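Based on the provided sequences and hints, a complete structural model is requested.
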Amino acid sequence: MTLTEERLDAAFSALADPTRRAIVTRLSAGDATVKELAEPFTISLQAVSKHIRVLERSGLISQGVDAQRRPCRLEIDTADELINWITEQKQRWEGRLDALEAHLEQVRAVQVQESSE
Amino acid sequence: MSPPTNEDDQRGELTVSRVVDAPRDLVWQAFTEPEHLAAFWGGPDITVSVESVTMDVRPGGSFELTMVASDGAEYPNRGEYVEVDKPSRIVFTEPDTGITATITFAVVGDKTEVTIHQVGVPERFLGPEAEAGFAATFDKLEALLDRWTDG
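Chains as they are written, first to last, in this note's numbering: chain Y, 1 to 117; chain H, 1 to 151.
Think of the hints as simulated: they come from the structure by calculation, not from any bench.
Just so you know, these numbers come straight off a predicted model, no measurement behind them.
There's no promise every hint is true.
[As the list claims (entries may be wrong)] Below 27 Å or equal to it, Euclidean Cα-Cα: the simulated DSS-like pairs (lysine-lysine) are:
no., chain 1, residue 1, chain 2, residue 2
1, H, Lys111, H, Lys86
2, H, Lys86, Y, Lys90
3, Y, Lys50, H, Lys111
4, Y, Lys35, Y, Lys50
[Said to hold, decoys possible] Selected chain Y positions facing chain H (in silico; Cβ < 7 Å):
no., residue
5, Arg69
6, Pro71
7, Trp93
8, Leu97
9, Ala99
10, Leu100
11, His103
12, Leu104
All C-beta atoms, glycine included, are put in the ideal place defined by N, C-alpha and C.
Here's what the structure looks like:
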């Protein structure tokens, strides 16, 4: 797997968990501290921290170095990469179909030529 | 055949469809014979030599080829056929990317509609519950990204 694919796998894997999706969704509205992120959940602060570490490793979010608050932030690049990847896959097929049409046209032109000979 | 929807995109799936001006048998040949496949599989910008193509078109069989970019960089592409239903349907998986693609060929008058439905996200990440949440997250992320690029 390429580095990009590994990162994508990690990101998709991280997003498969509902708590982590909720965290990512909350962060899409703005940066937040671990304590703020933990508020809507019934699970412990420790459990939330664990989810945050998973998200951090996947590259989806990062945690600031400000010793007091250490706010979490959504990493736009990774989110962007996820969406770009799907777009690229789509373009790959569109390109293939473009080339297919050109190829079929050629094949049929040769067929017509041969049948008229 | 259902048209592509935003929902598909959000679930990491995609659908691409095109009506090509050729009879279905010829289009089937194009997807199942090396000399045809090599001519279009790389798209307009990537070259595939016929010599690099091996294909064993039957369920459980595999295909392998080398794509060469304009800068000379080589990318191997290999897949395994899951379903082969001549002349209407091919399903294959790519172990390197985790994608599964279903290609269907439908007769439309004297033309052929080629539809590709690809599961772009490895299945193991998509339980029924994960799918719903994933869509919601993508909604939010996309809205956010739109704001980001506009600003």
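Outcome of the hint check:
1. Lys111/H to Lys86/H: With a Cα-Cα distance of about 17 Å, the restraint between Lys111/H and Lys86/H holds, given a limit of 27 Å.
2. Lys86/H to Lys90/Y: OK: Lys86/H and Lys90/Y at ~25 Å, within 27 Å.
3. Lys50/Y to Lys111/H: 56 Å, violated
4. Lys35/Y to Lys50/Y: This hinted pair holds, its Cα atoms lying about 13 Å apart.
5. Arg69: Since the shortest Cβ distance to chain H is 22 Å, the answer is violated.
6. Pro71: 17 Å, violated
7. Trp93: Cβ of Trp93/Y sits 4 Å from chain H, so the hint holds.
8. Leu97: Cβ of Leu97/Y sits 5 Å from chain H, so the hint holds.
9. Ala99: 4 Å, holds
10. Leu100: At about 4 Å, which falls below the 7 Å cut-off, the nearest Cβ of chain H leaves the hint on Leu100/Y intact, so it holds.
11. His103: Where the cut-off is 7 Å and the nearest Cβ of chain H is about 4 Å from His103/Y, the hint holds.
12. Leu104: 4 Å, holds
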